Amino acid sequence: MENNYMSTWKKSSIRIGTPTNLLAALTAFVPVIYLCTAYGCWPDPSIVLSAWGLTALSFGAFYVVEPVSYYASLGMSGTYLSFLSGNIGNMRVPCAALALDVTKSEAGTIQAEVVSTMAICGSIITNLIATTSAAIIGSAVVAVLPAFINKGLQTYASAAIFGATFGNFAIKKPKVAVFGLAIPLICKLFIPIPAWMVIVCSVFGTVGIARMFYNAEKKVAK
Amino acid sequence: MDYLAISNLPIFWLLASLTIIVSAVQTILFVRQANKATRECHLDPQLPKQAFKIGLISAIGPACGVFIVMVGLMAAIGGPIAWLRLSIIGAAATELSAATMGATASGVTLGGEGYTLTVLAVSWFAMALNGAGWLVFTGVATPALEKLRDKMSGGDIGWLAAMSAACSIGIFGYLNANQMIGAGGSIAVGPAIAVLTGALSMMGISRFIVPRYPKLAEYSLGIAMIIGIACAIVYDFAAA
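Chains as they are written, first to last, in the working numbering: chain A, 151 to 372; chain B, -9 to 230.
These aren't lab readings, by the way, just hints derived from the structure by calculation. There may be inaccurate statements among the hints.
[Claimed, not checked] Pairs of lysine to aspartate or glutamate, EDC-like flavour, derived with a Cα cap of 20 angstroms: (1) A:Lys325 x A:Glu367; (2) A:Lys160 x B:Glu30; (3) A:Lys161 x B:Glu208; (4) B:Lys141 x A:Glu256; (5) A:Lys254 x B:Glu103; (6) A:Lys323 x B:Asp146; (7) A:Lys322 x A:Asp251.
Source: prediction; values computed, not measured.
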C-alpha cells in the first residue's frame, strides 16, 4: 500500500508543483511589463540580456546545482515548494529536518514526505507573514529596535541557523560531519574554484565519504 | 520621474501580489495533499499538524532576519518589488546583485545618476529572469531529480537515509564555510562564532535537554539560533 501510495503522491506533487512553479516564473514579469507599458520605458533587449548574463554568471549554475543537492533533504513536494518560496537553506531545510527528527520519520517513507511537506508549508506561512508585515510596518519597527539587535538579526541569523542545523545532523553522523565541514572549508581557504563547484564538492564529496563509512559498517556487521 | 516614487505606487503592490498568491495557493494545495495522504495511509493525524507547527515556529527566527533585511531592500528597490522578491525564490543578496547588474549593463549605478525608469525596468527584468532560472528548472526537471535520487540510492533504504543525511551535511557544511570565510579567504570571526555556537548549542540541547524535556524539541532550533546570534553579538561588543 505504501509503495502504491508513493507513486500516487509523486504524480500529485508533479501535478501541483509543475504548473505553479512555471506560472510563478511568468507572473513575476507582470510588474515590469506593466511598468514598461504604462511609462513607455521598454529597455533595449540586448541590455536586458546582458544584465541577465552578468547575473547568470554568478547564479546560473545554482539553478541546477541547488535543486540536485537539496532534493534528498526536501523530497519532491518540498522541492517545488522550496524553490518557489525561497529561503531554502535558512528556513525550508532546517524546518523540514527538525520536523523529520521530532516525528522520528524515516527517509523515503510517505510519512517523511507528509511531515517535511507540512513543515515547509508552515515555514512559508511564517515568511509570508514576515515579509508582509515588513511591507506594512517594517520601517517603524526597525526604528525602535536597538541597533545591535537589528545588526545581530541581519548579520548573524543565517550563520546561527546554518550552524544549528548542521549541529543537528552532526550529532547523528559525527564522522561524516567532520568531512562535511572540512571539505568546503579547505576549498574556500586553499583551492580557488567558483562557488557552485564548492557546493558540488561539498555535497558529493560528503556523500562519497558517507558511502565509504556505510560500506565499512556493513562489512563489520557481516 | 523619481523611480522610487513610481516603484511604490499602489498598482505595483497589486501586481506583485499575483506571484505571492500563486505561492500561497501552491502551499494550500500541498497541505491538502499531505492531509489526504495522512488519511489514506492511516498515519497519525497529529503528525501533519505537529509538523506544520514545527515549521511555523522554527521559521520565526530567520523570518525576523528577513523582516529587517526587507526594510533595507525596500529602501533600495521599492516596497512592492522587495515584497515580491523576498517572498519567493531569491535572497536579498541575490536580488540586489541582479538589480545591480541591471544598472551595470546600462552603464550606471543602482539608484545613482542616470538611473532612469528604463534602467529600473532592466533591473526588474534581471531579477525576474534570475528567479525564473530556478522556477523553470524545478518546474520542468524535478521528476528527473527523483529518478536521480532513486538511482543514487539503488533501492537500499538504509543507504537512502545515510545518503540524504550526507547531502544535508554537505550542503550545510558549505553554507557554514561560506559564512565563516569572508572575502579574500580571511576568517569572518563574528559569523564563525554564530555558526560554531549555534552548532554546539543544538548538539547540547539535543543530547542533554530534549531527552528530559521532549516538548522543547520543537523549539530547539530556534533556541540554538538565538544562542548563536547572542554569542556573536557579545563578540561584537567585546571586540569593539
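So, going through the hints one by one against the coordinates:
no. : hint                : in the structure
1   : A:Lys325 x A:Glu367 : 12 angstroms, holds
2   : A:Lys160 x B:Glu30  : 15 angstroms, holds
3   : A:Lys161 x B:Glu208 : 31 angstroms, violated
4   : B:Lys141 x A:Glu256 : 19 angstroms, holds
5   : A:Lys254 x B:Glu103 : 57 angstroms, violated
6   : A:Lys323 x B:Asp146 : 18 angstroms, holds
7   : A:Lys322 x A:Asp251 : 11 angstroms, holds
Of the numbered hints stated above, those contradicted by the structure are hints 3, 5, listed in ascending order.
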